[in-house]
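Colleague: Chain by chain, the residues:
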Amino acid sequence: MATTVTSVQVNLREMASGVVKRAVELGASAAEAVVSEGSEFSTVVRLGEVETLKESGARALGVRVFVGQHAANTSTSDLSPEGVEQLVRAAIELAKITSEDPMGGIPAPEQLGQIDGDLGLYFDDVYSLSNEERIDHARRAERAALAVDPRLTNSEGGTFDASIGRKVLANSHGFIGEYRSSYCSISAVPIASDEAGNMQRDYWYSVARTLAKLESPEEVGRIAAERTLRRLGARKLKTQKVPIVFDRQTAAALLDHIFDAVNGDAIYRHASFLAGKLGQKPFGANLTVIDDGTIAGGFGTRPFDGEGVPTRRTTVIENGELKSYLLNTYTAKKLGLATTGNAARGLAGTPGIGNGNFYLQPGAKSQQEIIKGVKQGLLVTEFLGFGVNLVTGDFSRGASGMWIENGELAYPVEEITVAGNLAEMFSNLAEIGNDLIWRGSIACPTLRIEGMTIAGE
Amino acid sequence: MDKRFFFEKYGLSERDLEKYLGAALAAGGDYADLYFEYLTSTSLSVDESMVKSASQGISAGCGVRVVTGERTGYAYTDDLAPEKIMHAARTAALIASGPAKTPVVSLKDKARPKLYPVTNAASDADLSKKVELVFRADKAARAYDSRIKEVRASYADELRRILVIGSDGTFAEDVQPLSRMSVFVIARDGEVSTKGSSGGGGRNKFEIFLTEKTPERFANEAARQAILQLSAVPCPAGEMEVVLGPGWPGVLLHEAIGHGLEADFNRKKTSAFSGLLGKRVASDKCTVVDNGTLNERRGSLNVDDEGNTTNNTMLIEKGILKGYMADKLSARLMGLPNTGNGRRESYEHIPMPRMTNTYMLSGDDLPEDIIKSVKRGLYAVNFAGGQVDITNGKFVFAASEAYLIEDGKITAPVKDATLIGNGPDVLTRVSMVGNDLQLDEGIGTCGKDGQSVPVGVGIPTLKIDRMTVGGTGSAD
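Protein chains in written order, with the numbering used here: chain A, 1 to 457; chain B, 1001 to 1476.
These aren't lab readings, by the way, just hints derived from the structure by calculation. Owing to the predicted nature of the structure, the values given are computational and were not obtained by experimental measurement. Every residue, glycine too, gets a C-beta built ideally from N, C-alpha and C. Each hint should be verified, as a subset may be incorrect.
Stated by the list, open to error - Computed list of lysine to any residue pairs in SDA-like fashion (alpha-carbon distance at most 25 Å, straight line):
# : chain 1 : residue 1 : chain 2 : residue 2
1 : B       : Lys1084   : A       : Asn131
2 : B       : Lys1149   : A       : Gly279
3 : A       : Lys241    : B       : Pro1234
4 : B       : Lys1084   : A       : Ser182
Claimed, not checked - Computed from the model, here is a short list of chain A residues facing chain B with C-beta under 10 Å:
# : residue
5 : Thr52
6 : Ala60
7 : Phe386
All chains, please: the whole structure from these sequences, using the hints.
Modeller: Next up, the structure:
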């Protein structure tokens, strides 16, 4: 059958509530729809020449239905009336094969809502630049990096990216909410070679919700160059136990594992080493961890979560005591607790758990002071691989960084692993830095941890 | 199979395609292509012995690419109305600035291999049969041992239809089925909790889950690993002899050398393997291929995402670097053969050189002799994945099931640990190669530049004379 395809003009709010209404008409006892649209631009400039230029927009729709206590969900990029009807019917049909789950359902009406006012998530300036200006940002970042030192001989490029998005959520309790968001970023990835021809690569980037807060391409390039150059001549280390300092990037990666461990999905399945530890003190008194989805302009901020529950500030760990897990409606019911407004929902699938702005409360010392206090040890600046077992907390990842000798950075190191157990590592925080900076939705100051094993030669 | 799927569903004609390619090349360029994709997917899982939810999705769109020299312009649309495709073509064309070129449009579909079933593919099976699979896995895992406390088993399948039209006359359609099962379990004994996981699949008929790759097989394997881990000792730390078991530990090849042999990194000279063609990069016992032509394998493709048939490509022959994996762009710019390795995650993505099924051929050694030859080392048989830094060649992979080898005998199981090495020299330290090549079960997904594609890996039992093992225990 040949058909004529015409472009679909839609009002996202009407579409979301229309889908919910249709699902209820077709027999759903509860339904929830999410519609998203977004545009993205990206460019890579390599060795001064444009390598890629990409620009596009997309829209899609997802629906979750409950027929009695049977759940199912469907998603589509076909937003034509026939496509939408098919989506809803498929969801209702699919619910016939799923089990009755007494804990299933959307949030209760009184739990729904959203934070009012401008949360500073959207700035249209990220899309205000001409293509030439965008390319120029990427070019300047790379040029600034390569200009720092003649040993910087190659590059994976400089980039400029921008994206804007809009998300609408509606459910059968009458909730409807929407928000827009924007991002822009610049990065540079220079490559340095030493006399022997050994190459090292590193990167730096800046990301912001508005061009006004983006670091200059020159600053990004300069830092990328410094990070790359300091890796030249890297050595291996002997296998040993010494104090390890994690810089902000690698410390945030460690804190990300703590987020995974307090994720309600892992908790109710006993798939986390923190399951059953609520109210206990598994960590040292100097550890406080907060999740806050309400910080204006934050990378993890949104007015409501993936189920239409207002986001909030949750103290997760306070002075070493596990105060709260991070939960959505389902995991809260399973644990006999209340949702913390951490539902995360893509278009497809069941809502999971997402963080807001998740951070470790900073301490008093600068990174420099922390390094000064280490006689012999390691500053880790990059991880390689994903060797973490959340069930046991066992941690073993590839690493590179700088050797510390008498409080000074001595030489670069690579091809080593650092290993320990997350529960013990976060109980042995010898120092916590004062240098908390938001470069994503998870942030952590510099940390010094005792008792971990470095494996090398 | 319904040929001309896109023509019928979206009312495309030869003239439309010419028009779009013409718009893409309106400002010149060496090459342009259109990539149409229509993907349907189903997934469901059992959790706490309930199928708590099930998902189905449809994703369709068209990506337009314009290549001029080393530059690529790209735009896509998920709305297949003519004016939207035309807009994408005009956007992609912004990369070029010259006189218009005229594309060669051919609707001649060349003969292609038939590596996988397109009727009776797994996605065609009744939902109730898929549900039965996950329940069977749940039951088997719980029956394995009373210490198995949590079981999650999932099933997922998809059917991807693609159509690639290139300005060089490329015309290729393919229908690519893909399915997999996976089982994840947690065992608990007193205060100790451990996990185990297993799974597999491919581009196969649904029946394979009833005959060969059964739910019970994956469930028993996941449960076995979790129970074994209950008695695991800390993994030693430091350099030691490492023996890799056959099959999935082929992740080593994928990370250590596979990515480094993708042509884009070598064209840009950013790989630790740049300029080593014809040179020794492995011991003479090592022969490694990338083979996209194996029947029903997860990494196999009749045609890649640029419309080229895939190949069995020799990468390393008896230790000598013989070839790179190339896509159209790198083949043209480097004067290399196009090996049919141009892949992309979806219509939203620019294709680039990617692996298919990458494995080492069998050698002459008996696996038991390999173990016997090790005085003190690690025998690693299961891995949780890895990562590589292409530029300096450092790679890691995380062992999820490994044992100590003491005086030629396999002894205590050890806890999870990451192994780290240097790509260009790890294979030069391979001193024994078993006669037992196995490919993995069909569960691998590879990520590069934010794009995920299904891949396969494999090795025979291998002995590596020296590698750094990242445990917490004492090495002596």
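Colleague: If a hint holds in the structure, say so; if it does not, say that too.
Modeller: Evaluated hints:
Under the criterion of a C-alpha separation no larger than 25 Å, the hint pairing Lys1084(B) with Asn131(A) is consistent with the structure, at around 20 Å. At roughly 24 Å between alpha-carbon atoms, Lys1149(B) and Gly279(A) fall within 25 Å of each other, so this suggested pair holds. Our distance criterion of 25 Å between C-alpha atoms is met by Lys241(A) and Pro1234(B), whose separation comes to about 15 Å. For the given pair, Lys1084(B) sits about 24 Å from Ser182(A) by alpha-carbon distance, which is consistent with the 25 Å threshold.
With a least beta-carbon distance of about 5 Å to chain B, the hint placing Thr52(A) at the interface is held under the 10 Å criterion. Interface restraint check for Ala60(A): the shortest CB-CB distance to chain B comes to about 7 Å, inside 10 Å, so the restraint holds. With a cut of 10 Å, the hint placing Phe386(A) at the interface with chain B holds, because the nearest CB-to-CB distance is about 6 Å.
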